[in-house]
Amino acid sequence: MFNNTPSYIMHLDLNSCFATVEQQANPLLRGKPIAVAAYTSPGGCILAASIEAKKLGIKTGMRVKEGREIYPKIIVLPPDPNKYRFVNRKLVALLREYSSEVYIKSIDEMVLNFSGSPCFEKGLKNTAVEIKRRIKEEIGEWLTMSVGIAPNRFWAKLASSLKKPDGLIEINYTNAQDKLSKIQLSDIHGIKTGNIARLNLAGIYTPSQFYNSPIPLLKRAFGGIAGYYWYLRLHGFEIDNVEFSRKSYGNSYALYKKTADINELSKILCKLVEKMGRRLRRGGYTAQGIHVSCLLSDYSYWHQGNKTEKAMYTNTELYREALKILKRKPDKEVKILAVSCYLLEKNLYNQLGFFEDEASKRKLSQAVDKINDRYGDFVVSSARMMGLDNKVLDRIAFGGIKELEEFIFEEQVERVEFV
Amino acid sequence: MLTKIDERVSVKFVSSVLTNKVYPETIYWRGRVYKVSKVGLHHFYKHGRTLKHIFSVISGETAFRLSFDTESLQWKLEEVSELN
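Which chain is which? The protein sequence lines are W and E, in order.
Counting from 1, one number per residue, gives the positions in the first sequence under the working numbering.
Counting from 1001, one number per residue, gives the positions in the second sequence under the working numbering.
Just so you know, these hints were derived from the structure itself, not from any lab.
Just to be clear, a hint being listed does not mean it is correct.
[As the list claims (entries may be wrong)] Derived DSS-like pairs (lysine-lysine); straight-line CA-CA distance at most 27 Å:
#1 W/Lys132 to E/Lys1038
#2 W/Lys83 to E/Lys1038
#3 E/Lys1038 to W/Lys90
#4 E/Lys1076 to W/Lys90
#5 W/Lys136 to E/Lys1052
#6 W/Lys83 to E/Lys1052
#7 E/Lys1004 to E/Lys1052
#8 W/Lys346 to E/Lys1046
#9 W/Lys122 to W/Lys105
#10 E/Lys1004 to W/Lys83
#11 W/Lys122 to W/Lys163
#12 W/Lys65 to E/Lys1004
#13 E/Lys1038 to W/Lys73
[Claimed, not checked] Some chain E residues near chain W, calculated using beta-carbon distances under 10 Å:
#14 Ser1056
#15 Ala1063
#16 Ser1081
#17 Glu1082
[As the list claims (entries may be wrong)] Here are some of the chain W residues that sit facing chain E, going by a computed Cβ distance under 10 Å:
#18 Gln23
#19 Ala25
#20 Arg30
#21 Asp80
#22 Arg85
#23 Tyr375
Predicted model, so just to flag it, every value in this text is computed and none were measured.
Every residue gets a Cβ at the ideal spot worked out from N, C-alpha and C, and that includes glycine.
Please model the entire structure based on the sequences and the hints provided.
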């Protein structure tokens, strides 16, 4: 039986986020097929296609040259992360006027919990219409959001994905089964190849069968408690209101030209570690684990991690440990290089040091960070990084964006109208 | 086509308390005058401790990306793009 409590969760999705924001910034691009790609060269990966480009069949994840094969005149732009973060912050500031519980799921997705909120009284659909109108008036007239309303996060997200762009759909106990009958298993987020295979093995081939399956069958299909969680999710009960704390910091780089040369790779590793180290220290953390991974030219994946006795926080320590791992990689060309640190403790500069060199190490690290805070990242950096000015650019991660916390401005986003 | 410029420019800027509107009105660049017909987006970010305001504007069939450095109080034309 579906949870018959009123819908109090709203999921908002900014349609074709990066591309739409670019069209907002440059009105001459509006109504045209455009794409934002990691690199504008033919091998660059398309990060976002505009609504017009999507209608032609151009999708996120395609190469620029694939997009051009579909539509040769497509306009391809490099990403401008500061612009997208700014729009995200403005959206969040606006949404916080409606609910104290706003969860930023990614750069273009937000979830609002309206339980106990006055907006709940006047109806969430009316509230959603008002939010959509205010976004156009106060942030950008070209921005459209798809909104889903439901009794839990799962259904609200699904509802927001059913009509794009500019949708507004509520799913509750009256229409949930009807909505399920019109979609495929793969349309359910969290259900992709592996889970479809599990469900098929249990004799479940459609979302309706999935919904009507008893708990023991789902437990068998998913091999345990996950089956019970799916039952609750599908029946409108909230089990996804969990916010995970930060477990790691990491940065990665897709090499323009693949290489096996350890000298070349160590330079890129150094820059990745400096970016990661800055973020680690800005968050007030130290790390006791470091992990390096490579996507190799034969599309195999290699990775190794190390735990260290002492907590690390300086770039030198992090780089030294990461390089040790990198040197153990197979002798194959690398396409993507990634580094991350884990086993985090929020105790930067709080630990007592027995040795004198610890004090000078701290002072040096703090001084370098202070200069970079004042004049911008990489003003003072390792000599190993010379010649890497345009590599490892600022990017926005897919999915969860803990990184957004690092870019929150102290300044208020003033509400001033621009012509 | 997008072209990186990165040149200092003169900008006439309007800040009206009556209309609560602020916007760059005119750009003077390489001896020519460009009247801003629309501000697409204004955003800002910090480079180090310096706050930079970016105005993405159009004048006719040309799009401009202007930046205002709040420390030096200078305007820069960062990019120009035209549709082919």
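Hints, verified against the model:
no.	hint	in the structure
1	W/Lys132 to E/Lys1038	holds, 22 Å
2	W/Lys83 to E/Lys1038	holds, 18 Å
3	E/Lys1038 to W/Lys90	holds, 20 Å
4	E/Lys1076 to W/Lys90	holds, 25 Å
5	W/Lys136 to E/Lys1052	holds, 24 Å
6	W/Lys83 to E/Lys1052	holds, 12 Å
7	E/Lys1004 to E/Lys1052	holds, 17 Å
8	W/Lys346 to E/Lys1046	holds, 25 Å
9	W/Lys122 to W/Lys105	holds, 26 Å
10	E/Lys1004 to W/Lys83	holds, 17 Å
11	W/Lys122 to W/Lys163	holds, 23 Å
12	W/Lys65 to E/Lys1004	holds, 23 Å
13	E/Lys1038 to W/Lys73	holds, 25 Å
14	Ser1056	holds, 4 Å
15	Ala1063	holds, 5 Å
16	Ser1081	holds, 7 Å
17	Glu1082	holds, 8 Å
18	Gln23	holds, 8 Å
19	Ala25	holds, 4 Å
20	Arg30	holds, 9 Å
21	Asp80	holds, 9 Å
22	Arg85	holds, 8 Å
23	Tyr375	holds, 4 Å
The structure meets every hint from the earlier list without exception.
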